[in-house]
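Take the sequences, apply the hints, and build the full model.
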Amino acid sequence: MKRRVITLATMKGGSGKSTIAVCLAAHWRHMGRRAAVIDADPQRSVMRWRDAGTTLTDLDCVAADGANIGAVIMDLLDRNFERVVVDTPGFRAPVTEAALEMAGLCLIPVRPSPVDFEVAADKVEMIADLKATGSEGPLAYRFVLSQVISGSVIARHMRAEMQAAGYMLLKSEAAHRVAYAETALMGSTPTLAQPKSSAATEIAEMTAEVDGYLD
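Going by this note's numbering, 157 is the number at position 156 of the sequence shown; the sequence numbering is gapless.
Heads up, some of the hints might be wrong.
[Claimed, not checked] Taking lysine to aspartate or glutamate pairs in the DMTMM-like style, the calculated list, with each CA pair at most 25 Å apart, reads:
hint: 1; residue 1: 13; residue 2: 102
hint: 2; residue 1: 197; residue 2: 210
hint: 3; residue 1: 172; residue 2: 216
hint: 4; residue 1: 13; residue 2: 123
hint: 5; residue 1: 132; residue 2: 119
hint: 6; residue 1: 13; residue 2: 66
hint: 7; residue 1: 172; residue 2: 123
hint: 8; residue 1: 13; residue 2: 183
hint: 9; residue 1: 172; residue 2: 162
hint: 10; residue 1: 197; residue 2: 126
hint: 11; residue 1: 13; residue 2: 216
hint: 12; residue 1: 132; residue 2: 216
hint: 13; residue 1: 197; residue 2: 174
hint: 14; residue 1: 172; residue 2: 206
hint: 15; residue 1: 197; residue 2: 183
hint: 16; residue 1: 13; residue 2: 98
hint: 17; residue 1: 13; residue 2: 174
hint: 18; residue 1: 197; residue 2: 162
hint: 19; residue 1: 132; residue 2: 102
hint: 20; residue 1: 172; residue 2: 119
hint: 21; residue 1: 197; residue 2: 52
hint: 22; residue 1: 13; residue 2: 83
hint: 23; residue 1: 172; residue 2: 83
hint: 24; residue 1: 132; residue 2: 66
hint: 25; residue 1: 13; residue 2: 126
[To be verified] Label-pair ranges, simulated between beta-carbon atoms:
hint: 26; residue 1: 14; residue 2: 130; range: 38 to 44 Å
hint: 27; residue 1: 206; residue 2: 64; range: 26 to 32 Å
hint: 28; residue 1: 125; residue 2: 210; range: 17 to 23 Å
hint: 29; residue 1: 179; residue 2: 71; range: 36 to 42 Å
hint: 30; residue 1: 4; residue 2: 206; range: 19 to 25 Å
hint: 31; residue 1: 32; residue 2: 123; range: 30 to 36 Å
hint: 32; residue 1: 115; residue 2: 92; range: 18 to 24 Å
hint: 33; residue 1: 71; residue 2: 116; range: 27 to 33 Å
hint: 34; residue 1: 66; residue 2: 123; range: 18 to 24 Å
hint: 35; residue 1: 80; residue 2: 179; range: 25 to 31 Å
hint: 36; residue 1: 116; residue 2: 164; range: 14 to 20 Å
hint: 37; residue 1: 141; residue 2: 52; range: 16 to 22 Å
Simulated from the structure, these hints should not be mistaken for laboratory data.
For clarity, every value in this text was computed on a predicted model and none was experimentally measured.
All C-beta atoms in this analysis are idealised placements derived from N, C-alpha and C, irrespective of residue type, glycine included.
Shown next, in the form of structure tokens:
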């Protein structure tokens, strides 16, 4: 059952975590899969995104916190949701640890910057800490480069440095594109509102890659 849970987690805000969470869940739903997203971030970015329009009203979106996150995940799994995406706070918190324990895959968005590279080590350490305490933790984790400026030297350098450090990354990336902000304003996603856009293409590639780890 864990293989149906994808937890988005970072130790730093502004990484594109909520954007990726909503876009992945919406794409799976658009493709006919039973997908839900859990908003476990106190900022409730996912809930506000969904409520900004009517396009995502058929996407199951549930708020949760540290007290009930486990029960919320299990309820969705028991209801045969094929993909449960969890958006967590941009800092270490009990709700993040609980969501990681139940995850088949942890996605860690990082921007191509020296600061984000340093924070990446903190997230790997957090996962190691969970496993050291006897927790099964996520079955796997992958970093995903987000807000990437296409063709930039810093993006290539960041990927090379992370690979050299032994960090595992998705091949797919989320570029810095206005389509994400534009569609969020209307409570939608590139997949639904701009299906021929480059943003929609990269989300499709990302969901396919994630499916490869889970199926």
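Each hint tested on the structure:
Proximity of residue 13 to residue 102 is assessed by CA-CA distance (about 20 Å); at most 25 Å being required, the pair is judged to hold. Taken as a hint, the residue 197 and residue 210 pair is honoured in the structure, with Cα atoms around 19 Å apart against an allowance of 25 Å. Using a Cα cut-off of 25 Å, the hinted pair residue 172 and residue 216 holds, with the two alpha carbons roughly 17 Å apart. Simply put, residue 13 and residue 123 have alpha-carbon atoms about 10 Å apart, close enough for the 25 Å limit, and the pair holds.
Distance restraint check for residue 132 and residue 119: the Cα-Cα separation of roughly 21 Å lies within the 25 Å cut-off, and the hinted pair is therefore satisfied. Restraint check for residue 13 and residue 66: the C-alpha separation of about 18 Å stays at or below 25 Å, so the hint holds. For the hint pairing residue 172 with residue 123, the CA-to-CA distance comes to about 22 Å; that is within 25 Å, so the pair holds. Proposed proximity of residue 13 and residue 183 is supported: the alpha carbons are some 23 Å apart, at most 25 Å.
A threshold of 25 Å between alpha carbons decides the hint, and for residue 172 with residue 162 the separation of about 15 Å falls inside it, so the pair holds. Proposed proximity of residue 197 and residue 126 is contradicted: the alpha carbons are some 39 Å apart, above 25 Å. Of the supplied pair hints, the one linking residue 13 and residue 216 is violated, its CA atoms being roughly 29 Å apart against a limit of 25 Å. Distance check on the hinted pair: residue 132 and residue 216 sit about 23 Å apart at the alpha-carbon level, within 25 Å; holds.
As the CA atoms of residue 197 and residue 174 are separated by approximately 17 Å, the hinted pair is consistent with the 25 Å bound. With a C-alpha separation of about 9 Å, the suggested pair residue 172 and residue 206 falls inside the 25 Å cut-off, and the hint holds. In summary, the hint linking residue 197 to residue 183 is supported, as the alpha carbons are separated by about 15 Å, within the 25 Å threshold. At roughly 15 Å between alpha-carbon atoms, residue 13 and residue 98 fall within 25 Å of each other, so this suggested pair holds.
At roughly 18 Å between alpha-carbon atoms, residue 13 and residue 174 fall within 25 Å of each other, so this suggested pair holds. As the CA atoms of residue 197 and residue 162 are separated by approximately 32 Å, the hinted pair breaks the 25 Å bound. A threshold of 25 Å between alpha carbons decides the hint, and for residue 132 with residue 102 the separation of about 9 Å falls inside it, so the pair holds. Between residue 172 and residue 119 the alpha-carbon distance is near 20 Å, which keeps this suggested pair within the 25 Å criterion.
Taking the CA atoms of residue 197 and residue 52, the gap is about 24 Å. The hint holds against a cut of 25 Å. Annotation: proposed proximity of residue 13 to residue 83 is violated, straight-line Cα distance about 28 Å (limit 25 Å). A distance of roughly 23 Å separates the Cα atoms of residue 172 and residue 83; the hinted pair therefore holds under the 25 Å criterion. About 22 Å separates the Cα atoms of residue 132 and residue 66, which keeps this hinted pair within 25 Å; it holds.
Distance restraint check for residue 13 and residue 126: the Cα-Cα separation of roughly 14 Å lies within the 25 Å cut-off, and the hinted pair is therefore satisfied. Judged by the Cβ atoms, the range 38 to 44 Å given for residue 14 and residue 130 is violated: they are separated by roughly 21 Å. Between residue 206 and residue 64 the beta carbon distance is about 29 Å. The supplied range of 26 to 32 Å therefore holds. For the pair residue 125 and residue 210, the supplied restraint of 17 to 23 Å holds, since their beta-carbon distance comes to about 20 Å.
Take residue 179 and residue 71: their Cβ atoms lie about 37 Å apart, and the range 36 to 42 Å holds. For the hinted restraint 19 to 25 Å between residue 4 and residue 206, the CB-CB distance of approximately 20 Å keeps it satisfied. A beta carbon spacing of about 34 Å between residue 32 and residue 123 agrees with the range 30 to 36 Å that was offered as a hint. The beta-carbon spacing between residue 115 and residue 92, approximately 19 Å, falls within the hinted interval of 18 to 24 Å.
As the Cβ distance of residue 71 to residue 116 is approximately 32 Å, the hint placing it in 27 to 33 Å holds. Take residue 66 and residue 123: their Cβ atoms lie about 22 Å apart, and the range 18 to 24 Å holds. In this structure the hint that residue 80 and residue 179 lie 25 to 31 Å apart at CB is violated, the actual value being about 36 Å. A beta carbon spacing of about 19 Å between residue 116 and residue 164 agrees with the range 14 to 20 Å that was offered as a hint.
Taking 16 to 22 Å as the suggested C-beta distance range, the pair residue 141 and residue 52 does not conform, at roughly 32 Å.
Consistency note: the structure conflicts with the earlier hints numbered 10, 11, 18, 22, 26, 35 and 37.
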